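Asker: Chain by chain, the residues:
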Amino acid sequence: MPSLVPREELEAVVVRFAGDSGDGMQLIGGRFAQVTALAGNDLATFSDFPAEIRAPAGTTFGVSAYQINFGSRVIKTSGDAPDVLVAMNPAALRVELEGLRDGGLVIVDSGAFTERSLHKAGYESNPLADGGLAKYRTLEIDVSKLTLEAVKDSGLSRKEALRCRNMWTLGLVSWMYGRDRQPTIDWLHEKFAARPELAAANVAALDAGHAFGETAELAEAGHAYTVEPAHLTPGLYRTVTGGEALAWGLVIGAHLAGLKLVFSSYPITPASQVLHTLANLRQYGVVTFQAEDEIAAICASIGASYAGSLGVTSTSGPGLALKAEALGLAVSAELPLVVVDSQRAGPSTGMPTKTEQSDLHQAVFGRSSDSPLVVVSARSPSDCFETAIEAVRIAIKYMTPVIVLSDTYIANAAEPWMIPDVDGLPRFPVKHRTEPAGFHPYLRDAATLARPWAVPGTPGLEHRIGGLEKDFASGDISYDPANHQRMTEARAAKIAGVADDIPPQGVEDGQQHGRLAVVGWGSTYGPISRAVGNLRDEGLDVSHIHIRHIWPLPKNLGDLLGCFEHVLVPEMNTGQLTTLLRSAYLAPVEGLNKVSGQPFRIAEIEAAIRTRLGA
Amino acid sequence: MPSLVPREELEAVVVRFAGDSGDGMQLIGGRFAQVTALAGNDLATFSDFPAEIRAPAGTTFGVSAYQINFGSRVIKTSGDAPDVLVAMNPAALRVELEGLRDGGLVIVDSGAFTERSLHKAGYESNPLADGGLAKYRTLEIDVSKLTLEAVKDSGLSRKEALRCRNMWTLGLVSWMYGRDRQPTIDWLHEKFAARPELAAANVAALDAGHAFGETAELAEAGHAYTVEPAHLTPGLYRTVTGGEALAWGLVIGAHLAGLKLVFSSYPITPASQVLHTLANLRQYGVVTFQAEDEIAAICASIGASYAGSLGVTSTSGPGLALKAEALGLAVSAELPLVVVDSQRAGPSTGMPTKTEQSDLHQAVFGRSSDSPLVVVSARSPSDCFETAIEAVRIAIKYMTPVIVLSDTYIANAAEPWMIPDVDGLPRFPVKHRTEPAGFHPYLRDAATLARPWAVPGTPGLEHRIGGLEKDFASGDISYDPANHQRMTEARAAKIAGVADDIPPQGVEDGQQHGRLAVVGWGSTYGPISRAVGNLRDEGLDVSHIHIRHIWPLPKNLGDLLGCFEHVLVPEMNTGQLTTLLRSAYLAPVEGLNKVSGQPFRIAEIEAAIRTRLGA
Amino acid sequence: MHSVMPVEKLAPQDFASDQEVRWCPGCGDYAILKALLRTLAEIGATKEKTVFISGIGCASRFPYYISSYGFHTIHGRAPAIATGVKLANPDLDVWVVVGDGDGLSIGGNHMLHVLRRNVDMQILLFNNEVYGLTKGQYSPTSRMGTRSPSTPQGSVENPVSAAAFALGSGGRFVARSVDTLRDHLPEVLKRAHAHRGASFVEIFQNCLVYNDGVFADFTAKEVAADAQIHVAHGRPLVFGADRGRGLRLNPGAIELEAVTIGEDGVREADVLVHDETNRTLATMLAAMEPPHLPVALGVLYCDPAPSYERSVMAQIDEATSRLPNGDLNALLRQGHTWRVEA
Amino acid sequence: MHSVMPVEKLAPQDFASDQEVRWCPGCGDYAILKALLRTLAEIGATKEKTVFISGIGCASRFPYYISSYGFHTIHGRAPAIATGVKLANPDLDVWVVVGDGDGLSIGGNHMLHVLRRNVDMQILLFNNEVYGLTKGQYSPTSRMGTRSPSTPQGSVENPVSAAAFALGSGGRFVARSVDTLRDHLPEVLKRAHAHRGASFVEIFQNCLVYNDGVFADFTAKEVAADAQIHVAHGRPLVFGADRGRGLRLNPGAIELEAVTIGEDGVREADVLVHDETNRTLATMLAAMEPPHLPVALGVLYCDPAPSYERSVMAQIDEATSRLPNGDLNALLRQGHTWRVEA
Ligand SMILES: Cc1ncc(C[n+]2csc(CCOP(=O)(O)OP(=O)(O)O)c2C)c(N)n1
Ligand SMILES: Cc1ncc(C[n+]2csc(CCOP(=O)(O)OP(=O)(O)O)c2C)c(N)n1
Ligand code: SF4
Ligand code: SF4
Ligand SMILES: [Mg+2]
Ligand SMILES: [Mg+2]
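Residue numbers (this note's numbering), protein chains in the order written: chain A, 1 to 615; chain B, 1 to 615; chain C, 1 to 342; chain D, 1 to 342.
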């Protein structure tokens, strides 16, 4: 039912919904993303919520925001400065306005701008009245009042009725971008199946917001837009968050290996989503175990791998720190293990709901003694799926722990994902050792240097392993000096050898040589990719290289970097990949470091590139 | 009572005592070191004992050895290949013979070479008979029989009597090097005051061994030597092990700061000695706490520092891994803290009684997020004293955790130490904040960037701190992006600033520039120093640089390294300082890596230097 | 001779800090905070000597709201950090605040050891049977069958009983109260404070976002009288609306049973008298659960013993008294030394 | 139809590995090893299904000496690793061997949780009241006053009672024996093995190097009869050389007392009968100490409940039965999807 209002065509838009934690912003954001995806746009979203569970209403620290960038072109980030800010109360306006682009549109619920709420947000005077919004276009609507009117027949209490404000707002924004309401209506009926009066009220609010757009001459005021479908690869799509994609990647990875997945974890922000997703998959035989702490979680995973399953554990930075000793055991015992680290801002408790990429050093170096293992990283929510499978593949092929680095941004962000056909994915079935003849628990495969995986329950392979040094040949405890040297070198060589088994480092965008390579890893993918793309469009000589395999590094990387005059490494830390690259290649790699708990903006990276190129 | 036998004069000798764990080798080694020190020689010793508490008698894995290098010149290591091996049984011979220099002297108790004990040691035939000792000079003496004879009037059981074999041997070796027996006799009387029959028997054995030398024409056989006193700086001396010196350094450091020392630890080899030493110092007001684990130990130390004392914890590599999360808290809370890590061979449990330097990466990088702190290292047993004081000084001045890296070798080795005058050491008294005016818990000192140390109990300074990010000015919890950036940078700048407060890196030996710099840290000091010295004597252009401050690195180090054509870094790990230097200076630093659980030999380093210099 | 300044006694609000309280509106933590402010005033606490140490969790936000010294540390480690504080300065009055996850999941080991060592501090465990801060996963105190994001089919774990664990760990003061028991809770807190050594107080706390009403079976107004028993040393163990019910020991079965006085020949004298120094009785009281038995609240167990940090200080005093002027030069010169002459 | 191969029953020595045993000559661990080899033979264990998991310490060397699967892990974590093993393969027969430091100091938390979760395994805690492997420091079970390298003036800590802790943690099988009780120990181990769920067995073990004779007050031949009571379910709690002494409940004081049958009017019927399903009785038995009361040995408590890993597997079976062909393509396609056409 296309409406006939004249609509301005846009290539891409960034909308940010902001309100109180209790205002349901994550919910309408998610719904809007869903219908936007159905409309065929590419998109990326980002949730920015407070550490408090439910901060007191109206406070600035209780503001919860959801940002979506969608367009008819390929979308790579959730957007720099929003074009549109929806602010449900003064606190949201106060916290979020700064981020809006100059000339952007502010939509406010003027009904929520009471003296009390202004005061709570720390406003001395009403910004709607004092010219504080002069730099922006504004749409002041008494959403509260209009919502109450829309649902007045629902029999809800005033408090309950006001909870529908978010749906009214969603209705309005849906109208603005010409979005179909039906999927949301269906969803509301399903969600509130047990309380039809709530479903009805929410639908009424949604409809009213939508109708407001149609009738209030907003189109004439220039608030009606259209965003054409993007040219996406044909296929079946869904939206995924990084947390979900990681969980599914682990399940599929175990399936491709033919192993039972035993996932042990201790809740921690932002990693818990992986636990929650997997806990819901018992029907696929997935075992999840909420352990008493991070140490028990990794130990149970090690136990599970020892007993022949795929042991996986998941955590965030402080939890990874706690797992360091047991990781050393996994290195020494040479058991497969996947450890997911969803990084967050630190040090210590830091800012638990904010993003950072600052566990790279910990992942590569954070254990006692020489304890080499493999580190891979995911660049986006959907990339978590592939990264998880790659981690499983390496872990079992090389009998080694593999750390997967994700981060808060990736864990919570959502994007469209073309769903793969599981049956079409390459399998890598595990062969547990069963043959007793010639068996020694540490006798390595000549090619991979992996030891055999001999699982308790297998007759004739009874043996003892542990964290003490082992004889290279017999696997018995050994304190022999030459043997320790040999085993230390073998452990290092095994991990170094993984570099032969991964794709050579490619260039995402641009030439294989030139004036400047921007080298990223993890969730900086979006902003780097867009920034490099934009500047290449301007004709600048810049390339984008994005690294998945952090340790070992791809074999050709040193040579590749050598083909550029400058190498710039944007990282959300104080320069951790930079250290690694400098040390590995003695290349004059320069860092661009942001440690604010917020993802890079495209403009920040563009500016840095321009500076380097004197452009 | 100088004896009149003709004695060959030696500049330096290496003697290794080896026997069963129960044979008392560590004891006679220690006694011999004592009398050697009293004789005015410089010396260094090294204990090499099994992980087993008391392995079954006669097994190869139960062999315990004590090596001493002493001389009339300055002694820098416990020696490469021993000149003399004392082997109390076949197992000791089997394990230790390989290390003896060609043509060296083997002294064996032939009485212990029974069929049974040969078999236990894995000998198919008797090496005393089958020519297996052809490469060496030998002294086969039935020490067992001679001891039994010497003590036959003591009333001891045969078993007890045989325990005196070690004293007989000590008597013999004392004679060989013209050592005075009296201090040992006094010591035996003191030690066995409660059991005079044991004292008498041991003295009798000692005397008998000594007399054997005098009477058995050993002098004519070329087994009598003399080693002149070394030219040591005048002063009062004692021998110390690294464990003792570290403990005392902490006590003196706390004293110089005017703080109570609260030391919390969980036992672990080879760190326990520090706990044991300090537990004996309650009379100096030292509080020691054996915690339930390493995490509790560091947490109690953090609590103690928070409450205004000097909190210190001590451990080895696997324990440091467990402390990583709490170290992050100390970084975030910006509290002074000293963490001692006596490194051992890993990964994981590894070889707990063997030495390694492989926790450098863990110390510098092994925490979640960007968590900068200070790392210093000790180069020798006596240097532990100064290093500990330096760690205390930095920790309290900069309100930061400081990790002190020692290792198994240093912890157990002993060397003469000129005892300092405590009253002459520079004090650095702490000023806890007491002034409420203008107090904010995170308001930094402009020069050091340290925050004030405001201690519970101080009226008017009540405040709250924690691991969440704090506002730069008020110290309140803050999730502000710009503030997090600023605080992250401030924490990094504070630690980087310590580089302004440490001595510029000097050159131990050699020119400030040239063809090759050998750069070491920690316990490689001895072998590097001797190797460089030897080759400089030969005229080679090589210098020795030894780093105490691992993080931050001395400010001039990059320039200094730039003055050399080659930089070689010998380390007992796979190249950890190497990584740091390459990354910091993009200097083509090359590693010489030994990971066998054994210290470098001088010859190994000499060979590597020669190769580099083509000499 | 000395003129003692009369210290002005502080009011509850004097102990409130200037920080905005960041719990969900309606959270049981607010009531506990209120009870604690009142307790601090009533015991005549001084701000500068009072230290609150917490771990991580909703409960562990507590120190921010008290205008004393406060340290919000890391998950599970508060008892260990508090131990260090007491070893540095035994004169500080240390309160530890932890959640059920903080204190009994990741922090269970430190809890065991601080209790058996008997370090002098008050440990308040806010038990809401859930992980609040991480959004609602079940905790070690959650009942079997609890559905949560990590146990969508219901938990299959036998929960730990905080009080039983504290007693099994050798705790020498174990008490219980409820967030909403406005007078009972401060009384229990005062007893805990008066106890020298580690005092363990379990406070049942309602998390209205993730576990609302989980204690309603004994805290709801309608059932409270019959489902709670408030124990007091030397007083009969009676409960019920008219205090007409009591606990009796069945000596054959060695278990407690709830009886109605006057029924089945049960006389008042048959009802047990609470002896807070009896660990066995305390263990039995701790194990009681509705519907068959009431939940025991109050001081279940209190049997003082020397506290750890005092014993350590006594050893130090003894040792230093033997060596009054601890000469550090002498320390370094102990044992064998020799002089090298110029 | 099937012809079942008669499996050859293995002898104790068949379970001995080829590794050289590396304990100090005379260590109590040897006797325990012997008892265990015998137990394995008697229960008809198969080598391939038997898994020994240990932490670090002298005790934890154990797995090397058994010719089954063995994993010598890291300090304190054996129960957690064993939990993972059972979750991967519930059919394995898992034994955990830890020392008092390993199991109750660094590993206390995992012990608590494995016990309350009731994961099916036998946990053998070798209690020698000392840290053997690290050369003699006192441990959490060391008695007050213990002098050791880290407590030269004597420990001032109240020790934890392993059995009381296990009971307080919700353990459902708690037993005790002594290294040298050649017949008693295998019997206890067999009971532990028969119990489905976590079985906790404390074995008093003599460390002759660092703590020789620490249990002599109840293990020495001369005193054993009067200082030990061997409890058995349904049997009167009697002890003494001629079994002339017994335990009686003093119901007023709610405590156990040792009585002599026939003296002071004490009749046999006054002596308590052991009920291993009574946690209160077990707790009282666990607390008994010489000289006033004998040390209780045997199965103090056994009251089975569903084991954790079985409950998890039951949930999985239930869930997979609802979705027999777990189609992973369907998993990825759950919820909203849309198709982009070419
Ligand atoms: C090392 C570590 N692991 C996990 C977390 C995440 N975390 C924070 S609070 C918490 C549990 C909260 O539950 P509880 O202790 O019961 O406190 P409540 O929030 O219910 O008051 C967890 C798992 C963390 N902060 N640190
Ligand atoms: C993380 C860690 N901390 C400390 C140690 C050192 N350590 C090894 S065994 C042990 C305690 C041994 O005592 P116990 O568990 O009672 O076993 P026992 O040797 O007495 O049989 C300690 C502290 C270690 N190996 N790992
Ligand atoms: S989540 Fe629960 S416990 Fe936490 S503040 Fe909210 S109501 Fe309280
Ligand atoms: S130290 Fe003690 S426990 Fe360890 S092996 Fe020796 S006797 Fe046994
Ligand atoms: Mg809780
Ligand atoms: Mg022990």
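Possibly wrong hints are sitting among the right ones.
As the list claims (entries may be wrong) - To spell it out: a stretch of chain D is covered by chain B in this simulated footprint if at least three of its residues, at any positions, have a beta carbon under 8 Å from a beta carbon of chain B; those stretches are:
| id | segment |
| --- | --- |
| 1 | 137-150 |
| 2 | 175-184 |
| 3 | 275-287 |
To be verified - Away from chain C, derived, C-beta distances all over 10 Å, residues of chain D:
| id | residue |
| --- | --- |
| 4 | Ala11 |
| 5 | Val21 |
| 6 | Pro90 |
| 7 | Ser161 |
| 8 | His233 |
| 9 | Ile254 |
| 10 | Glu318 |
| 11 | Arg333 |
Everything labelled a hint here was simulated from the structure, so no lab data went into it. Every value quoted in this text rests on a predicted model; they were computed, and no experiment measured them. Using N, Cα and C, we set each Cβ at its ideal position, and we do this for glycine too.
Asker: Now, for every hint given, state plainly whether the structure supports it.
Answerer: The hints, checked one at a time:
1. 137-150: Result for this restraint: holds, n = 5.
2. 175-184: violated (count 0)
3. 275-287: The restraint on the segment 275-287 of chain D is violated, since only 0 of its residues have a Cβ under 8 Å from chain B and three are required.
4. Ala11: Label holds. Min Cβ-Cβ 38 Å, cutoff 10 Å.
5. Val21: With a cut-off of 10 Å, Val21(D) remains clear of chain C, as the shortest Cβ separation is near 31 Å.
6. Pro90: Given a closest Cβ separation of 13 Å, the condition holds.
7. Ser161: violated (7 Å)
8. His233: holds (14 Å)
9. Ile254: Violated, because the least Cβ-Cβ distance between Ile254(D) and chain C comes to about 5 Å, which does not exceed 10 Å.
10. Glu318: At about 8 Å from chain C, Glu318(D) fails to clear the 10 Å cut-off, so the statement is violated.
11. Arg333: Check passes; 20 Å lies beyond 10 Å.
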